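K.L.:
These are the residues of each chain, in order.
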Amino acid sequence: MTGLLAHWIAPARRRALADTLAMAMPLLIAGGVVGWRGGGPVIALLIVAIGSAMAILIARRRAARFDRAWLVRSLDNSRPELEDSSALLFAEDAPLAPLQALQHTRIAARIDQGAPDDLRPGWSRRTLLAVSIMAATLIIAALLCPRPGEGPPMLAPAQEGLPARPGIPRLVAQNLRIIPPSYTGLSVRDSASLDARAPRGARLEWTLRFDPQPSNAVLAMLAGQPLSLRRDGETWIASRTLDASFLYRVDPATARGPTPPLHRIDAIADAPPQVKALSPTASLSMVTAGQRSWTPVFAATDDYGVAATARLRVTLAIGEGENVTFSEREIALTGSGPARDRRFAPRLDFSSFGFVAGGDMVVQLIVRDNRSPTPQEVRGPSMILRWPSTKEPESGGMEGMVNTTLPAYFRSQRQIIIDAEALIKQKRGMALDRYVTRSASIGGDQQILRGRYSQFLGGEEEGEPALPTADGHQEGDGHDHGGPPKQPSTGFGAPEDVLGDFGHPHDDSPASSLDPETRAILKQAVDEMWQSERELKQGRPDLALPFAYKALRFIKEVQQATRIFLSRVGPELPPIDATRRMTGKREGLASRTLALAPVEGRDGPAAAAWRALGEGPDAIRGPIALDALEDWTRTNAGRLPDALALLGAIDSVRSDPACMACRARLRAQLWTAMERPLARPARRRPADAGGARYLGAIGGTP
Amino acid sequence: MTIQWAVMLILGFATFLAWVRLSLWHSRGRRTGQASPVRLALLMLLQPLVSALLYYALFPPMVGGGPTDLRIATAGTSRLAAAVDGAPLILLPEAPAIGGGEATPDLATALRRHPGVRTITVLGKGLGPRDIDAARQVAVEFDSPPLRPGILNLTPPPTAPAGGRFVVGGTLAGLSEATVELIDPAGRVTDSGSADRDGHFLLAGTARAAGAVNFTLRARKDKRLIEQADVPVWVTDSTRPRLLILAGAPGPEAKYLRRWASDAGFDVTTQMSAGGGIALGDAPVALDAAGLRRFDVAIVDDRAWAGLRGPLIAAVRGGLGLVLRAGGAIDGVTRSQWQALGFGLSGPGGVAPLALPNASDEAVARTRHGIGSDEAPVDMALPEDFAPDVGRLGLTPGGGEAVPMLQDAGGATLGAWRAIGIGRVALFTGIDSYVLTLTGRRDLYGDWWNGLLTAVARPAPSSHMIPGILWAGERMALCDIGSDGQVENTDSAQTRLAPVAGCGAFWPARAGWHQLRVKDALRPFYVQSHDALPTMRAARDRQAMAMRSTTTPGAPAVAVTTGGSGSAWPFWVAWLVASALLWWLERSRVGRRVTLSSGQAEPALATASAAP
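Protein chains in written order, with numbering that gives the first Met the number 0: chain H, 0 to 701; chain E, 0 to 611.
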């Protein structure tokens, strides 16, 4: 039975749906157009989506009105042959009485004489027409209505506040159009006021109307060349690119009329992007067990937008001890998120970089903003990922105390072996004397190396060191003062011997802070070096090799510690021997005068003008000479917080010396433009006779 | 001698003359046998009566029926006062137009018009300074209305050195949890804080170049402006102090002190001993009594102090200012010596950490710094910046004789001074204060050292503002004005002061800066506008009223004997009647034995009677 009902109802419902949607369609289109004109495609889509949802909802509700009751009612009304009994046909599974069943069969035979389509409601043509006309009007209006920044500008009435004088042109209407650089993504806007703030690089277009028409009009800059206005029909126009803030006034009367007020255009500089590391937050992080990759997350923000692509500089320090190698490479990244706040989260796979235990990975994000023509590039903070050596875990708190001078010694010993082996290989094709000379020169290297090791161990191999004392030490007083300047090693991460560069250790030797075992091993290495050196100098590199290898092996043993740590103790100075004080040589020592040039304050004109504008003793009630102040302001513009405002205030006081408000404004500006000299004490007043007597009577305890 | 006395004497003399004449006449009449004792007695009695009546006609006596109580309506009197029955109502000029009552220009006039008054009831806000003195004559009843919430007291600094920090103090009334802001002349908030439980607050600002400058104080409650007032600050360039820096060894503290002082424009002489008789710094000076007299103030460290104790103390007695500082932890000898100077040094000794006050946030800090220069760029420490490690001696200067003047953020006293003779000696317990200059806290460094030197430096004449808050339209007294003191008004007009016993009165007509010029010396003062600081003014008047109400008047209002409200015409009538009776008696034959005319005597008598 429900099938019959649906069959009879469906056409009407379909028609209702179609009718409603047909009525909604023009409205939706109009809404979309208005939204697109007013707020861009996003707003348009939003309006269309919400509108469609509402239309469908309304359509469904309208369609729902065509139900069983409606069907019975309309069938009974329109078809007399159904004898007002169509309700029987569509009754819901109610048990029929015999009479009802008889009537039901009769009616069922007749019902098919008509079609369900006959019951469809008609199209609501009038409403449709009205809605279409309304939508068309809306669309036309939306398209014709000028958006701000498009088409001829609407002039706003001028607010110059100047009295009208016959024959003297004055500004009556104005508009300032600001066209920001395209990369900023800002829309063109019309400013009714002649003061504005705009991004640097924006194009400014003035459209002005004067009454009566002047013969010639300019925009007079407070500093710089005036900008002449071009007549265009009834209006005057001018344009320029904003490269720096400036003050100007609209002068149509070429200085015949009253001075128009100043206007100010502020140029907002494009700020460079900011890079911040979101994770990890500390600059140094350690590889966790089982870690296979690293994903540092950076956030880059900018006022107009960060370029979608950035570069990540990855510096790898692989290896340990003498075998540290550095590699640097840059990889391109693509950021996610909105242009003004992009996220960069590169996934750095250890295997693809060859990052292994005992190495450091340093990453630095380099981003650019979208400024054109020259983007601003900013380097972010360096993030270090350290993979501690598996051999010996680093002891906590020892960072910064690592002495990285030893690897330079080790490398030299290996070099001697390599040189000696190469010499043995070349022995056949070489004259004997040349062979011996080469061997001796390698022996010289060996000697230098051995000497440096001896030195490192405190020079014990070459004699007892003298007792170090804290004072009175000179050249040759028993300990080394840094030795010959070392060759600066090149490349990233070169060992930095800060102590050696800027001072010298007051200690018998760096090795004194080594543990005794290391010391003993190093001593053995030095012994082997002695042997090796002797053989090399005698022209027998083949015999020297075993000793050299032994020396290297001992050094390798020391190397097992990966790094050598100096003990964290302060300088323990020996007690001062008072009897020896001031007994040294005193030639050339004398009292000295240390010259000192005081810094002079330099806000003379500002302070003078400040006093002149006030009410104090130096106040000048009449006109004030402001030329010196203006020159000073221009010269010192870089030091002042707002030189432009100060210049404007100077100009207003100059043009109207009697204006008390202008003077107050200039004085307020001057307060921000003065130096704060270092204060001298305010002197207390001398006591009078009675006071002095009183003080004399009470004060005298010590 | 008043006119009344003169008239009385003349009348008495005339009466006496008349009596003499009458007695002469009577004795002649006795010879002629015409004398009559009764007539003589009548005539002699009538003479003083006529004189007395004439006197009272001229100076009518007081009418005993005048009021003894008055109600005085002052500013803020309720309109209902006129409707309430009671003592006569006097309207002072400040009173609102409440209808009814007698308007008088001041209280003294009212008391003259009502001489019998012994008690006045003051309505409204109370009497002003103009009427306070007049109220001395009578008993005053006054119920002071509650004070309007606002600024109860404001104390601008008497003077501020150019570039220096100054402190403005004040009290709020009836405003708990209110905030106060100090606004600089450029309109920026340079300090803000809240008043303590008693309403007291202290705000600090920084001065720039010398001159007169107005800051603004604002009291706010829940963002709402309650009251605002001008804070006048007189910024002066003081004379260059001659500073001696003595250090027992070269060090950064002496170096940065020398740099700071010479940049600030001191005449600096530095002597740093390098041992073995070698001194570094400026050309050597003799450190004896004569040599030290050349200096205004000396900064001496503990090692230099040890060798120069005697001459330094002697110089301080003569006016030298001395600042003692420690280069590190001090030994027991120095400690006991400094204790003997009057600084009760208590504490564990050694070196303790110093709690630095937090740097102010950027907007406020910017208002306190001037613009930078190439040599001294703006270097501001912000709250999140690294705080330098400054230490202090683990000893706190205290004791009854020392005045604490510097405290760290933890409340520990860093500096104290005391007077010795006409000089002063200060002790600074901070160690390595120079690191402040390296970490953006140059302002704090300057405040500390400038504060210490200000406290002790040898006194010198300097320009100070005349203290106190003055209002336009109120009389003020200026003292110490010599014979030709002049006040320069805000509009450059000059007002010559008439000195009475060295002081002169001045009525400022307009608000603004004025200058008192005495010979070449210039003393500025600031006059607040008439309606500025209403709460402070009301509190002042109220206090003056309270002092009046408690004192009972010594004499009733009849000290006012002139004028008076008694009418004179009954006395004139009585005098006319008495004179007519006298004339008739003289002319009549009553009591005469012999009818004889004595034409010469009668006009003489009439003349004598009417002589006054």
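Quick caveat, the hints were computed from the structure, so don't treat them as lab data. Being a predicted model, the structure only gives us computed values, none of them experimental. Do not take every clue at face value.
Partial chain E-side listing against chain H, Cβ under 8 angstroms, derived [as the list claims (entries may be wrong)]:
{"#": "1", "residue": "G162"}
{"#": "2", "residue": "A211"}
{"#": "3", "residue": "T215"}
{"#": "4", "residue": "D266"}
{"#": "5", "residue": "P460"}
{"#": "6", "residue": "C478"}
{"#": "7", "residue": "L521"}
Below, computed lysine to aspartate or glutamate pairings styled on DMTMM-like, alpha-carbon distance capped at 20 angstroms [what the hints assert, rightly or not]:
{"#": "8", "chain 1": "E", "residue 1": "K518", "chain 2": "H", "residue 2": "E599"}
{"#": "9", "chain 1": "E", "residue 1": "K254", "chain 2": "H", "residue 2": "E599"}
{"#": "10", "chain 1": "H", "residue 1": "K275", "chain 2": "E", "residue 2": "E383"}
{"#": "11", "chain 1": "E", "residue 1": "K254", "chain 2": "E", "residue 2": "D266"}
A few chain E positions that, by computed beta-carbon distances, are all more than 10 angstroms from chain H [to be verified]:
{"#": "12", "residue": "Y55"}
{"#": "13", "residue": "A208"}
{"#": "14", "residue": "V212"}
{"#": "15", "residue": "A305"}
{"#": "16", "residue": "D407"}
{"#": "17", "residue": "S491"}
Heads up, the beta-carbon is just placed ideally off N, CA and C, and yes, glycines get one too.
K.L.:
Are the hints correct? Go through all of them and say.
P.N.:
Quick rundown of the hints versus the structure:
1. G162: holds, 4 angstroms
2. A211: holds, 3 angstroms
3. T215: Hint violated; T215 of chain E Cβ to chain H Cβ min 11 angstroms, cut 8 angstroms.
4. D266: This interface hint is violated because 11 angstroms lies over the 8 angstroms limit.
5. P460: Holds. Min distance 7 angstroms.
6. C478: Violated, because the Cβ-Cβ distance from C478 of chain E to chain H comes to roughly 14 angstroms (cut-off 8 angstroms).
7. L521: holds, 6 angstroms
8. E:K518 - H:E599: Since the Cα atoms of K518 of chain E and E599 of chain H sit roughly 32 angstroms apart, the hinted pair is violated (cutoff 20 angstroms).
9. E:K254 - H:E599: Holds. K254 of chain E to E599 of chain H sits at ~18 angstroms (cutoff 20 angstroms).
10. H:K275 - E:E383: holds, 18 angstroms
11. E:K254 - E:D266: holds, 15 angstroms
12. Y55: About 56 angstroms separates Y55 of chain E from the closest Cβ of chain H, which puts it past 10 angstroms; holds.
13. A208: violated, 3 angstroms
14. V212: The claim breaks: V212 of chain E does not keep its Cβ more than 10 angstroms from every Cβ of chain H (closest is about 7 angstroms).
15. A305: About 15 angstroms separates A305 of chain E from the closest Cβ of chain H, which puts it past 10 angstroms; holds.
16. D407: holds, 20 angstroms
17. S491: The assertion about S491 of chain E is violated, with a minimum of 6 angstroms to chain H.
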